[in-house]
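My request is simple: use the sequences and hints to build the entire structure.
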Amino acid sequence: MSFSQFYSKLIEKLDHLFSPIKNLRRAAFALDKFSLSFFEDNYQEREEVGAVNFEVKTERQQMGGYFEQPLIVLLNRACNQLINYDSSCQKILEVGSGTGIFAYEAAKENGRQVVASEFNDGARSWADANRKRDNLTYCKLPLSEFTKNEFDVVVSIEVIQQP
Numbered sequence: 001m002s003f004s005q006f007y008s009k010l011i012e013k014l015d016h017l018f019s020p021i022k023n024l025r026r027a028a029f030a031l032d033k034f035s036l037s038f039f040e041d042n043y044q045e046r047e048e049v050g051a052v053n054f055e056v057k058t059e060r061q062q063m064g065g066y067f068e069q070p071l072i073v074l075l076n077r078a079c080n081q082l083i084n085y086d087s088s089c090q091k092i093l094e095v096g097s098g099t100g101i102f103a104y105e106a107a108k109e110n111g112r113q114v115v116a117s118e119f120n121d122g123a124r125s126w127a128d129a130n131r132k133r134d135n136l137t138y139c140k141l142p143l144s145e146f147t148k149n150e151f152d153v154v155v156s157i158e159v160i161q162q163p
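Under full-length UniProt numbering, the residues of the sequence shown are numbered 1 to 163, in order.
Just so you know, these hints were derived from the structure itself, not from any lab.
Predicted model, so just to flag it, every value in this text is computed and none were measured.
Beta carbons are placed, not taken as given, at the ideal position from N, Cα and C, and that holds for glycine.
Some hints could be false.
[To be verified] With a straight-line Cα cutoff of 27 Å, these simulated DSSO-like cross-link-like pairs (lysine-lysine) come out:
hint, residue 1, residue 2
1, Lys132, Lys91
2, Lys108, Lys57
3, Lys57, Lys91
4, Lys140, Lys108
5, Lys108, Lys148
6, Lys132, Lys108
7, Lys91, Lys108
8, Lys148, Lys91
9, Lys132, Lys57
10, Lys140, Lys57
[What the hints assert, rightly or not] Estimated spans, in silico, between C-beta atoms of each pair:
hint, residue 1, residue 2, range
11, Leu17, Leu141, 52 to 58 Å
12, Gln5, Lys132, 56 to 62 Å
13, Ser19, Gln113, 22 to 28 Å
14, Tyr66, Asn120, 29 to 35 Å
15, Ser2, Met63, 32 to 38 Å
16, Gln61, Phe6, 42 to 48 Å
This is the structure we're talking about:
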């Protein structure tokens, strides 16, 4: 390795280590993890699932954080992308819709009818107030209330958890 190559690599590494933008990102990540220690963990299983705790979510959002856990949002969007590959999926039922992340995304497609069933009254009310679309209906019905072949696809994301 020549001196100029060594020098170039050294500058590249130093730029990576001392870049203001990268350091800002590192600090934000560290502060996000650190700030979680100031709040009670009111979730039942993992922090990204469990009880629908709007106080914690809203407070986190007001402090510049996210409302929903980013991994859960990504998972719901990924499931929606899978359904988008099949144009025959026009009637969709989501069982255990929570705050309606998936249902809201799925209802973006024109011509689709989406029904989102959620037993938690708080989650369903929040979704109905904050994630509305004309082709999206929120309800509190068990799967047994729907007829066979009433929907093209039935989705249930992050409802059944392994211990």
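Hint check:
1. The suggested pairing of lysine 132 with lysine 91 holds, with an alpha-carbon distance near 17 Å, which does not exceed 27 Å.
2. For the given pair, lysine 108 sits about 24 Å from lysine 57 by alpha-carbon distance, which is consistent with the 27 Å threshold.
3. Pair hint lysine 57 plus lysine 91 does not hold up; C-alpha atoms about 31 Å apart against a cutoff of 27 Å.
4. A C-alpha spacing of about 22 Å is found between lysine 140 and lysine 108, which places the hinted pair at or below 27 Å, so the restraint holds.
5. Simply put, lysine 108 and lysine 148 have alpha-carbon atoms about 25 Å apart, close enough for the 27 Å limit, and the pair holds.
6. Of the supplied pair hints, the one linking lysine 132 and lysine 108 holds, its CA atoms being roughly 10 Å apart against a limit of 27 Å.
7. Taking the CA atoms of lysine 91 and lysine 108, the gap is about 13 Å. The hint holds against a cut of 27 Å.
8. Distance hint between lysine 148 and lysine 91 is fulfilled; the C-alpha atoms sit about 13 Å from each other, no more than 27 Å.
9. Taking the CA atoms of lysine 132 and lysine 57, the gap is near 19 Å; set against the 27 Å cutoff, the hint holds.
10. Taking the CA atoms of lysine 140 and lysine 57, the gap is about 23 Å. The hint holds against a cut of 27 Å.
11. About 55 Å separates the C-beta atoms of leucine 17 and leucine 141, a value consistent with the hinted range of 52 to 58 Å.
12. Between glutamine 5 and lysine 132 the C-beta distance comes to about 58 Å, which sits within the given range of 56 to 62 Å.
13. The hinted range of 22 to 28 Å is not satisfied by serine 19 and glutamine 113, whose Cβ atoms lie roughly 48 Å apart.
14. Between tyrosine 66 and asparagine 120, the C-beta spacing of about 20 Å breaks the proposed range 29 to 35 Å.
15. Between serine 2 and methionine 63 the beta carbons are some 50 Å apart, a value that contradicts the proposed interval 32 to 38 Å.
16. Hint check: glutamine 61 to phenylalanine 6, Cβ distance near 47 Å, so the stated range 42 to 48 Å holds.
The earlier numbered hints that this structure contradicts are 3, 13, 14 and 15.
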